[in-house]
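To convert, note that position 54 of the sequence shown is 68 in this note's numbering; the numbers rise steadily by one, no gaps.
Calculated from the structure, these hints are not laboratory results. It is possible that part of the hints are untrue.
Claimed, not checked - Derived SDA-like pairs: lysine to any residue, alpha-carbon spacing no greater than 25 Å straight-line:
{"hint": "1", "residue 1": "Lys250", "residue 2": "His194"}
{"hint": "2", "residue 1": "Lys271", "residue 2": "Pro298"}
{"hint": "3", "residue 1": "Lys271", "residue 2": "His194"}
{"hint": "4", "residue 1": "Lys271", "residue 2": "Val257"}
{"hint": "5", "residue 1": "Lys250", "residue 2": "Arg190"}
{"hint": "6", "residue 1": "Lys250", "residue 2": "Ser152"}
{"hint": "7", "residue 1": "Lys271", "residue 2": "Ser152"}
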Amino acid sequence: MEPVKYLARNPVWLLGLGLFIFFSVTTSHFLTTYNLSNVLFQCALVGLLATGLTPVIISGNIDLSVGAVVGLSSCLVIGMQEQIGLAGAIAVALGSGLCLGLLNGLAVERLGVSSFIITLAGMIGTRGLAFLYAGDTSLSAIDEQLYDLSMRHVGPVTLIPFIFLAAVLCFQWMLRRTVHGRNTYAIGGSRSASVNAGIPVSRHVVINFIICGLMAAICGVAMAANLGAATPSYGKDYELWAVIAVVLGGTRLRGGKGDLIGTFAAVLALAILRNGLNMLHVAPFYIPGIMGLALISALVLDRQLNRASKAAE
């Protein structure tokens, strides 16, 4: 009965399985090794953002700047290779995400302004920094070291999906097994009760924003590595897909509930849906609407199943 209860509380797994079966039957090339590896890569890019966002949302906050951080970090890792080498460029790109996450966290805690407003401003400012650095043109890598690194394979799958999987496992362990993780849930459940209990709320909130910024920078580096180029527009709208994945995976927007396993399942389901719709040659402007309807349907189903589960108890 335990698996049944788990699936009842996490219908996103059933959604992903249903989509996988549907597109396997309706399209001739969905089950090819090349296409499935492409699904995993696309899953990893949004997944890296969603992995970083999950602790932030569990703590009752949100970060809308992650897509812009992707654009900035991708430009930095490509543009700075000639001056400081590949390792230095990667360090600068990752450091930019870490610093922007720190800045977001400190602004939210020190100013007492909603994280939605702070990170919305951060999104605009960070995107502006990316255009200020790179202009409105594409930056190309001076050599193929970064591309070669991203193209290393483990079987038919490239390295980046494994980085995503490692991040999911690492942060799931952090949320479930560490003091920081337990306090993250407590803060999202009730910030005032956490303060009264003596939990250093601001410290934990800032740490989660730092993690989120770092994961966004890793996504930017991965995207630039895969394409061998970068533009400031990289990551546009990715923050929306990441938030959808986190919520679809069972994390409550008000905070206090959620985990990385649900986020992983949602990211995979969304990647299958987008890929399958492309395989069916659905016009691109229909895809956001279809995915929005899928999200609403899943959330309604989740709510009904939760009510039924509580009634049974």
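Here's how the hints hold up against the structure:
1. Lys250 with His194: This hinted pair is violated, its Cα atoms lying about 31 Å apart.
2. Lys271 with Pro298: violated, 33 Å
3. Lys271 with His194: holds, 15 Å
4. Lys271 with Val257: holds, 15 Å
5. Lys250 with Arg190: The hint is violated at about 32 Å.
6. Lys250 with Ser152: Since the Cα atoms of Lys250 and Ser152 sit roughly 15 Å apart, the hinted pair holds (cutoff 25 Å).
7. Lys271 with Ser152: At roughly 41 Å apart (the allowed maximum being 25 Å), Ser152 and Lys271 break the hint.
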